[in-house]
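Since the structure of chain B is provided, determine the placement of chain U on it from the hints.
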Amino acid sequence: MKKFGKALLYTILVLYAIVTMIPFLWALSSSFKTLEEIVSGSINFIPKHFTLDNYKQIFIEQELFPRWFMNSVIIAVTVTILNLMFNSMAGYALARLHFRGKQTIFMIILAVLMIPAQVTMIPNYLILKQLGWLNSYQGMIVPAMINATFIFMMRQFFINFPKELEEAAALDGLSRIGTFFRIVLPLARPALAAQAIFVFMGSWNDFMRPLIILSDPNLFTLPLGLNSFKGQYISYWNYIMAASMVFTLPVLVIYAFFNRYFIKGISFTGGK
Amino acid sequence: MFSRKRWKEAGTAYTLLSPTLFVLLLFVIGPILFAIYLSFHKVQLLGGASFEFVGFDNFTRILDDTRAKIALWNTVKYVAIVVPTQTMLALVLAATLNAGLKGEKFFRIVYFLPTLTSSAVLTLIFMWMYNQNGLVNHVLQFFGLPTYNWLGDPSVALNAIMIMNIWSTAPFFMVIYLAALQDIPDSLYEAAELDGANAWHKFWYVTVPYLKPVTSFVVIMGLIGTFQLFDQSYIFSGGSGGPNNATLTVVLLIYQYAFKSLGTMGYAAALAFALAIVILLATWLQRKFSKEESLY
Numbered sequence: 001m002k003k004f005g006k007a008l009l010y011t012i013l014v015l016y017a018i019v020t021m022i023p024f025l026w027a028l029s030s031s032f033k034t035l036e037e038i039v040s041g042s043i044n045f046i047p048k049h050f051t052l053d054n055y056k057q058i059f060i061e062q063e064l065f066p067r068w069f070m071n072s073v074i075i076a077v078t079v080t081i082l083n084l085m086f087n088s089m090a091g092y093a094l095a096r097l098h099f100r101g102k103q104t105i106f107m108i109i110l111a112v113l114m115i116p117a118q119v120t121m122i123p124n125y126l127i128l129k130q131l132g133w134l135n136s137y138q139g140m141i142v143p144a145m146i147n148a149t150f151i152f153m154m155r156q157f158f159i160n161f162p163k164e165l166e167e168a169a170a171l172d173g174l175s176r177i178g179t180f181f182r183i184v185l186p187l188a189r190p191a192l193a194a195q196a197i198f199v200f201m202g203s204w205n206d207f208m209r210p211l212i213i214l215s216d217p218n219l220f221t222l223p224l225g226l227n228s229f230k231g232q233y234i235s236y237w238n239y240i241m242a243a244s245m246v247f248t249l250p251v252l253v254i255y256a257f258f259n260r261y262f263i264k265g266i267s268f269t270g271g272k
Numbered sequence: 001m002f003s004r005k006r007w008k009e010a011g012t013a014y015t016l017l018s019p020t021l022f023v024l025l026l027f028v029i030g031p032i033l034f035a036i037y038l039s040f041h042k043v044q045l046l047g048g049a050s051f052e053f054v055g056f057d058n059f060t061r062i063l064d065d066t067r068a069k070i071a072l073w074n075t076v077k078y079v080a081i082v083v084p085t086q087t088m089l090a091l092v093l094a095a096t097l098n099a100g101l102k103g104e105k106f107f108r109i110v111y112f113l114p115t116l117t118s119s120a121v122l123t124l125i126f127m128w129m130y131n132q133n134g135l136v137n138h139v140l141q142f143f144g145l146p147t148y149n150w151l152g153d154p155s156v157a158l159n160a161i162m163i164m165n166i167w168s169t170a171p172f173f174m175v176i177y178l179a180a181l182q183d184i185p186d187s188l189y190e191a192a193e194l195d196g197a198n199a200w201h202k203f204w205y206v207t208v209p210y211l212k213p214v215t216s217f218v219v220i221m222g223l224i225g226t227f228q229l230f231d232q233s234y235i236f237s238g239g240s241g242g243p244n245n246a247t248l249t250v251v252l253l254i255y256q257y258a259f260k261s262l263g264t265m266g267y268a269a270a271l272a273f274a275l276a277i278v279i280l281l282a283t284w285l286q287r288k289f290s291k292e293e294s295l296y
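Chains as they are written, first to last, in the UniProt record's numbering: chain B, 1 to 272; chain U, 1 to 296.
By construction, these hints were calculated from the structure, which means they are not laboratory data. Check each hint, because a few of them may be wrong.
Said to hold, decoys possible - So the derived list for chain U, only partly shown, Cβ under 8 Å to chain B, looks like this:
| hint | residue |
| --- | --- |
| 1 | A13 |
| 2 | T20 |
| 3 | S119 |
| 4 | H138 |
| 5 | L140 |
| 6 | F143 |
| 7 | F230 |
| 8 | Q256 |
| 9 | A258 |
Unchecked claim - Computed footprint of chain U on chain B, listed as stretches where at least three residues anywhere in the stretch have a Cβ under 8 Å from a Cβ of chain U:
| hint | segment |
| --- | --- |
| 10 | 165-173 |
| 11 | 207-214 |
From the three backbone atoms N, C-alpha and C, an ideal C-beta is built for every residue, glycine too.
Excised from the complex, chain B in its bound form (with noise of 0.2 Å):
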């Protein structure tokens, strides 16, 4: 009986291993089939012609990718420096700092998470047009360099930050700044490394802002890049997987060396 528990376990693992894989490998596969495979709809996954065309040719007919690339890096590696420092700043002055509105700020951040994206998306438009930031840089980063959720999260991580060494830092003779950049910021790393992972992410695959926020083609993200390149070559699924590929490659990578601190990041989410 408990034999054929385990297996049944197992089964189920499996099966369901098996329903995560299967779009991934048939999307690679596809990426290296001829466009004359693709459209016999054959469902081998081991391609008749292996190729390697499709990677080459992406780049020559949409000659954008590169710069898609580069944005994307550009706008999510900045969002995710900046949140960094202004999230730990914010969530260090919560908790440990005396000074009146203290329970207001906090009150309101505790509001923001609650207020869906929609409501704020169409004034942010007016606003970045405004300021005539629209198809810019910092129209995608300036609003998005906080973030409540991950406020929220240094606080609760140096409310539990041991006093004795800012105690200490204070007798040498260190100001309240010299002592959170110097001392406590470097010791909070592993909180820093999931909020890392979490924002770059974000940023990384966000499709709704830079749909809003950048209408010129050389500003595209990858996403937005993306789509507008099945709107382009809607049957050449050849070409429209190899790109898919291309741009999930660089998350896999940053997954393989970081994957502790995501299931780190994502219990603490979880309200833990």
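Just chain U, lined up with the frame of chain B:
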């Protein structure tokens, strides 16, 4: 002396908070007030922007708008099916993974792949699989099941998105469950075993009740996420919500009114508020419901 120290501390605090306050004021609080203003005006963006006060017209208009009704109906249908399914799937997967089998880590990494991949890429992969002559139909045919024109038939297009999103979101919630499962004390299971409980009993009478707060969190997150469905519908239908409005969601409709047609930006703002209220109501109902249940 004392008060000078306090002033200094407040100065430090506001310095550290200044980037946050700047963004909050300019891109969150300001826009909320602005959105309220917009929802009571007719907005024209040709040339310079002009705003004409129209009272509650934008809100009453929602009631006469057939497309708004279709969008709401599609969204509610989507939420009602996706949230329970992905929650149960996540729980079952997490419990299975947590059973102490070998290779847990491998399965966890595999299951997590969809969570990492961008919605744009996932939607494109699924569009390719849903092709008339594509993988999904071939598999259905192999098992002797009926095939569908997934992308073109209004009666199945939304289901195609549901399947895709259950598949891609369940693993994320699985990880949340997994973290909580590891906290359940072994003594609870041992006590159940002494009472003669089998594996199913243990899952149903120990695991599920213990995880109730987590389930509540997962359902609320699921509600918020599903009510805001946009990317997949947009890419699937090329922004139209087609075929025949079958994949039109509330957020897609808001987007269309705000940015794709003239003079309806104020109406879009009103719709956005209506959506916010629907989401608040749904999460409130969920909270109330799970609280009443826990009385037993």
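Taking the hints in turn, this is what the structure says about them:
{"no.": "1", "hint": "A13", "in the structure": "holds (4 Å)"}
{"no.": "2", "hint": "T20", "in the structure": "holds (4 Å)"}
{"no.": "3", "hint": "S119", "in the structure": "holds (6 Å)"}
{"no.": "4", "hint": "H138", "in the structure": "holds (5 Å)"}
{"no.": "5", "hint": "L140", "in the structure": "violated (12 Å)"}
{"no.": "6", "hint": "F143", "in the structure": "violated (13 Å)"}
{"no.": "7", "hint": "F230", "in the structure": "holds (6 Å)"}
{"no.": "8", "hint": "Q256", "in the structure": "violated (12 Å)"}
{"no.": "9", "hint": "A258", "in the structure": "holds (5 Å)"}
{"no.": "10", "hint": "165-173", "in the structure": "violated (count 0)"}
{"no.": "11", "hint": "207-214", "in the structure": "holds (count 4)"}
Consistency with the previously given hints fails for numbers 5, 6, 8, 10, ordered from lowest to highest.
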